[in-house]
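These protein sequence lines map, in sequence, to chains L and W. Quick note on the working numbering: the first sequence kicks off at 1 and runs consecutively. Quick note on the working numbering: the second sequence kicks off at 1 and runs consecutively.
Possibly wrong hints are sitting among the right ones.
Here chain L is said to cover these stretches of chain W; the calculated rule only asks that three of the stretch's residues, wherever they fall, bring their Cβ under 8 angstroms from a Cβ of chain L [claimed, not checked]:
no., segment
1, 14-22
2, 73-82
Straight-line C-alpha distance at most 27 angstroms; calculated DSS-like pairs for lysine-lysine [claimed, not checked]:
no., chain 1, residue 1, chain 2, residue 2
3, L, Lys92, W, Lys13
4, L, Lys44, L, Lys33
5, W, Lys48, L, Lys33
6, L, Lys40, W, Lys13
7, L, Lys29, W, Lys13
In silico contact screen, one side only, chain W against chain L (beta carbon under 7 angstroms); selected entries [stated by the list, open to error]:
no., residue
8, Met1
9, Asn5
10, Val26
11, Ala28
12, Gly44
13, Leu47
14, Ala92
Bear in mind the hints are in silico, worked out from the structure with no lab data behind them. If you're wondering where the values come from, they're calculated on a predicted model, not measured in any experiment. Glycine included, every Cβ here is placed at the ideal spot set by N, Cα and C.
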Amino acid sequence: MEIILQNLDLFIFLALMVLGYTAGSIAEKRHYKSIHRREKELVKLAVVTAEGRFREGAVKDSFLVNGSTVISNDYFKRLLAILRNIVGGRVKAYESLIDRSRREAILRMKEKARAGGAHMIVNLRLETSTIGRSANKKNRVGSIETLAYGTAVVMNRP
Amino acid sequence: MIMTNIGSVPGKKIVEHFGIVQGSTVRAKHLGRDMMAGLKNLVGGELKGYTELLQESRQEAMDRMAEQARQLGGNAVINIRFATSSVAQGAAELFAYGTAVRVE
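Using the sequences and the accompanying hints, generate a full structural model.
If you want it as structure tokens, here you go:
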């Protein structure tokens with residue numbers, strides 16, 4: 001008991017790390033599962049980065065769609081990333097984070113397009129920015145916003 | 001108001017150009033949301049409060065852009081681009097710009 005009291009800050013740090021690790025990895029697994037399921041559902045809705053040319057009378061309607069997410073890393077992974085700064089190399093903890101966030105943003109955009117009855121999305125653009133308290137500080141990645149936007153096109157098909 | 005982010009409105013002919021229109025908002029989040037986000041920072045994952053906030057602000061920026069286009073006499077905005085920047089601690093600027101045109 002005395003040891004715990006003497007090293008209280010260390011124990012709090014460890015508890016935060018364990019909490020971050022377990023909650024973070026559970027959340028990540030669940031999120032990837034849902035991403036894979038929804039990507040399969042929406043695979044028929046084509047998304048391209050090209051502008052595309054359409055014959056006259058082929059298009060019924062077009063509108064702008066966007067989807068965005070703000071995502072943040074957990075305590076444990078942040079520590080891993082800091083350690084990575086010493087030796088350099090791939091920071092896997094952040095790779096998966098940004099990957100998830102971006103795919104989620106695209107999925108949200110596609111869901112909006114489907115709700116509007118679109119057949120495809122042309123000229124997809126992706127954008128990433130850091131926001132929040134740590135946005136303007138050096139060597140810190142806080143919350144990341146990813147935005148996906150494009151033009152949804154409804155074709156004049158029978 | 002028709003909005004696209006490509007250089008034309010698919011299936012419609014552009015008859016008049018009005019030049020660049022833009023809209024922007026600078027937003028800060030309120031304390032409650034900030035605290036929740038701080039807690040969420042421990043475990044990671046999506047910060048839903050921020051996502052909603054940014055979507056609202058982006059919509060407002062687009063509304064302002066559309067209003068500007070309407071005043072010029074346009075009925076569509078093409079080639080829309082978005083930009084985000086953090087201007088101060090805890091505040092973000094959302095910016096939308098495009099070309100106002102009139103289509104048939």
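### Message
Can you verify the interface hint for leucine 47(W): is its Cβ closer than 7 angstroms to any Cβ in chain L?
### Response
5 angstroms, holds
### Task
Return the status of the interface hint for valine 26(W): holds when the least beta-carbon distance to chain L is below 7 angstroms, violated otherwise.
With a minimum Cβ separation of about 12 angstroms from chain L (threshold 7 angstroms), the hint on valine 26(W) is violated.
### Query
Within 27 angstroms, alpha carbon to alpha carbon, are lysine 29(L) and lysine 13(W)?
Violated. Lysine 29(L) to lysine 13(W) sits at ~48 angstroms, over the 27 angstroms cutoff.
### Query
Are the Cα positions of lysine 48(W) and lysine 33(L) separated by 27 angstroms at most?
Within the cut-off at roughly 19 angstroms; holds.
### Restraint satisfaction for asparagine 5(W) [CB to CB of chain L, less than 7 angstroms]
5 angstroms, holds
### Message
Given a cut of 7 angstroms on the nearest C-beta pair, is the interface hint for alanine 28(W) held or broken against chain L?
### Response
11 angstroms, violated
#### Entry: chain L contact restraint for glycine 44(W) - C-beta distance below 7 angstroms
Constraint on glycine 44(W) satisfied, holds at 3 angstroms.
### Query
If you take the shortest Cβ to Cβ gap from methionine 1(W) to chain L, is it below 7 angstroms?
10 angstroms, violated
### Message
Next item in the hint list is alanine 92(W). Is there a CB on chain L closer than 7 angstroms to its CB?
### Response
Hint holds; alanine 92(W) Cβ to chain L Cβ min 5 angstroms, cut 7 angstroms.
### Query
Going straight from one Cα to the other, do lysine 40(L) and lysine 13(W) come out at no more than 27 angstroms?
36 angstroms, violated
### Message
For a C-alpha distance cap of 27 angstroms, please report whether lysine 92(L) and lysine 13(W) respect it.
### Response
48 angstroms, violated
### Task
Tell me if chain L covers the segment 73-82 of chain W under the three-residue, 8 angstroms CB rule, please?
holds (count 3)
When each numbered hint is compared with the structure, violations occur for hints 1, 3, 6, 7, 8, 10, 11.
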